[in-house]
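Participant: Each protein sequence line maps, in turn, to chains A and B.
Counted the way this note's numbering counts, the first sequence spans residues 1 to 205.
Counted the way this note's numbering counts, the second sequence spans residues 1 to 274.
In short, the hints are calculated from the structure, not lab data.
Keep in mind that the hints are not guaranteed to be accurate.
Claimed, not checked - On the chain B side, residues computed to face chain A include the following (Cβ under 8 Å): (1) Leu14; (2) Thr23; (3) Ser26; (4) Asn64; (5) Arg66; (6) Ala78; (7) Phe81; (8) Ser84; (9) Tyr107; (10) Ser151.
Just so it is clear, the structure is predicted and the values come from calculations on it, not from any experiment.
No residue lacks a Cβ here, since even glycine has one placed at the ideal position from N, Cα and C.
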Amino acid sequence: MIWSGTLIYWANSVYKITMGADVLFRFYPPSVYKTLNIPHRLAEGMSYHFVFMWLFCINGLLYVAYLLFSGEWRLILPAKRSFREAFLVVLYDLRIRKQKPSHVKYNGAQRIAYTAVILMGFLALVSGLVIYKPVEFTGLTTILGGYENARLIHFILTILFMLFFLVHVIQVIFAGWNNFRAMVTGWEVVKADEPIEPKNEHEEK
Amino acid sequence: MSTKKNKTYTEEELFDRKVRRRTIRSFLIFFLLFFLAFQAWKWIDNAPKDKKASKPLRTVMDLNARIFARGYKNPSLAKEFSKSTAARKVRVNGNIGLKSTYDTTDYKVKLVRYSPYTPKLSDTLYIPVSELMLLPKTEVVFSFKCIEGWSQVSWWGGVRFLDVAKKYHLATIDGSEPDPENHPEKLCKFAGLKTPDGQYYVGIDMPSMLHPQTILSFEVNGNPLPENQGAPIRLIIPVKYGIKHLKRIGTIFFSQTPPPDYWADRGYDYFSGL
Numbered sequence: 001m002i003w004s005g006t007l008i009y010w011a012n013s014v015y016k017i018t019m020g021a022d023v024l025f026r027f028y029p030p031s032v033y034k035t036l037n038i039p040h041r042l043a044e045g046m047s048y049h050f051v052f053m054w055l056f057c058i059n060g061l062l063y064v065a066y067l068l069f070s071g072e073w074r075l076i077l078p079a080k081r082s083f084r085e086a087f088l089v090v091l092y093d094l095r096i097r098k099q100k101p102s103h104v105k106y107n108g109a110q111r112i113a114y115t116a117v118i119l120m121g122f123l124a125l126v127s128g129l130v131i132y133k134p135v136e137f138t139g140l141t142t143i144l145g146g147y148e149n150a151r152l153i154h155f156i157l158t159i160l161f162m163l164f165f166l167v168h169v170i171q172v173i174f175a176g177w178n179n180f181r182a183m184v185t186g187w188e189v190v191k192a193d194e195p196i197e198p199k200n201e202h203e204e205k
Numbered sequence: 001m002s003t004k005k006n007k008t009y010t011e012e013e014l015f016d017r018k019v020r021r022r023t024i025r026s027f028l029i030f031f032l033l034f035f036l037a038f039q040a041w042k043w044i045d046n047a048p049k050d051k052k053a054s055k056p057l058r059t060v061m062d063l064n065a066r067i068f069a070r071g072y073k074n075p076s077l078a079k080e081f082s083k084s085t086a087a088r089k090v091r092v093n094g095n096i097g098l099k100s101t102y103d104t105t106d107y108k109v110k111l112v113r114y115s116p117y118t119p120k121l122s123d124t125l126y127i128p129v130s131e132l133m134l135l136p137k138t139e140v141v142f143s144f145k146c147i148e149g150w151s152q153v154s155w156w157g158g159v160r161f162l163d164v165a166k167k168y169h170l171a172t173i174d175g176s177e178p179d180p181e182n183h184p185e186k187l188c189k190f191a192g193l194k195t196p197d198g199q200y201y202v203g204i205d206m207p208s209m210l211h212p213q214t215i216l217s218f219e220v221n222g223n224p225l226p227e228n229q230g231a232p233i234r235l236i237i238p239v240k241y242g243i244k245h246l247k248r249i250g251t252i253f254f255s256q257t258p259p260p261d262y263w264a265d266r267g268y269d270y271f272s273g274l
């Protein structure tokens with residue numbers, strides 16, 4: 001989705017931060033386009049985008065449905081203490097704090113990030129629909145502040161997704177083998193003599 | 001192997017073996033799915049092309065067009081703006097089909113009624129723009145959207161294509177007056193438009209062509225069309241991307257099959273509706 005989207009964004013290089021007439025930052029400088037062989041592939045980008053949108057949309061809906069019906073949403077939705085906990089996690093990851101904050105399955109930072117990315121996915125879907133069919137979805141277009149605004153939202157989300165992906169991969173590398181294996185297999189090996197899963201009070205109903 | 005059978009394992013070893021076995025199984029499935037996804041992508045990328053787009057992609061694009069196809073009853077309208085918000089300097093994006101000279105004094109549009117065979121002489125009308133201008137004037141101020149991503153509010157004046165079709169009995173299979181609300185079954189499926197030199201051409205589904213905001217335009221910002229905007233008469237169809245807004249209409253004809261389309265031939269979605 002990001003890849004085909006990038007093929008689309010080539011066609012219109014309005015995506016930059018400007019101050020007056022000066023371009024401060026170009027999200028896609030010409031050099032990036034050149035190395036990735038992006039120019040003149042708008043038609044290809046659009047065709048992939050509007051075919052794979054179905055796959056991503058269905059996948060997203062199935063995932064959210066799974067979270068809801070399995071009760072796993074309890075492990076992802078940030079709780080009251082998640083925000084404080086997330087701050088401690090960041091300190092720990094930046095090697096400022098020594099003690100690892102305790103958590104169940106996902107720590108506070110993960111809860112916030114994963115919930116945010118689901119919301120981002122939803123917003124990407126809605127803003128995408130508005131860009132795709134602004135005449136058909138007139139109401140949605142108005143809610144998002146118009147066609148141009150929807151384009152801006154969609155673009156910002158693209159950047160955020162890329163940042164999320166970057167941080168995600170770095171974190172996986174740092175977390176080590178056991179964690180990576182858990183991503184694939186769905187289970188984790190925990191040694192019995194060092195329980196790292198103390199019960200959090202707020203998890204108890 | 002026989003020696004192994006006799007060996008007894010400690011609990012920890014048994015556990016490790018179980019972990020290893022299940023890990024290998026999961027990773028095999030993981031890599032298999034990864035490989036299949038990659039193969040699927042390769043298959044799409046290498047599939048034969050249908051009008052410059054990979055065939056599987058073209059199939060889904062046409063399916064999308066059917067999902068989002070318009071009806072004749074209560075069609076959704078493109079948002080209209082006030083004239084004061086319309087751009088003074090209207091953006092120009094292409095000049096394909098505008099390079100040859102044209103009749104500036106008495107320009108005529110060729111209208112060809114539908115016929116399953118080669119149209120009879122009486123089915124082909126040459127209507128002067130001045131005559132089209134006698135129909136009720138319709139103005140539309142909307143956000144013109146380019147497939148490349150830019151959009152601009154612009155103000156166009158002209159005559160509704162539906163009015164033109166009603167007056168000259170166009171767009172129907174039997175040459176009767178079109179009545180989209182009550183007799184959609186009598187309508188052709190597509191309209192085709194061409195520039196006088198035939199260099200630029202578009203195909204449009206009939207519900208979009210007969211949409212109340214679709215006009216044959218001869219004015220922009222209240223002034224006659226300049227040459228680079230397709231003088232003397234062009235198509236303005238707010239429910240489509242800019243690529244469908246053909247400039248300098250030479251011919252309009254009707255068909256039951258999709259007429260050729262310049263950008264669809266170059267890999268873009270045929271429908272290109274908004």
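Participant: Would you mind marking each hint as holding or not holding in the structure?
Facilitator: Taking the hints in turn, this is what the structure says about them:
1. Leu14: This interface hint is violated because 14 Å lies over the 8 Å limit.
2. Thr23: Holds - the Cβ of threonine 23 of chain B comes within 8 Å of chain A, reaching about 6 Å at its closest.
3. Ser26: holds, 4 Å
4. Asn64: At 6 Å from the nearest chain A Cβ, asparagine 64 of chain B passes the 8 Å test, so the hint holds.
5. Arg66: violated, 13 Å
6. Ala78: Constraint on alanine 78 of chain B satisfied, holds at 5 Å.
7. Phe81: At 10 Å from the nearest chain A Cβ, phenylalanine 81 of chain B fails the 8 Å test, so the hint is violated.
8. Ser84: violated, 17 Å
9. Tyr107: Not OK, violated: tyrosine 107 of chain B not within 8 Å of chain A, min 31 Å.
10. Ser151: Serine 151 of chain B check passes; min Cβ-Cβ to chain A is 6 Å, inside 8 Å.
The earlier numbered hints that this structure contradicts are 1, 5, 7, 8 and 9.
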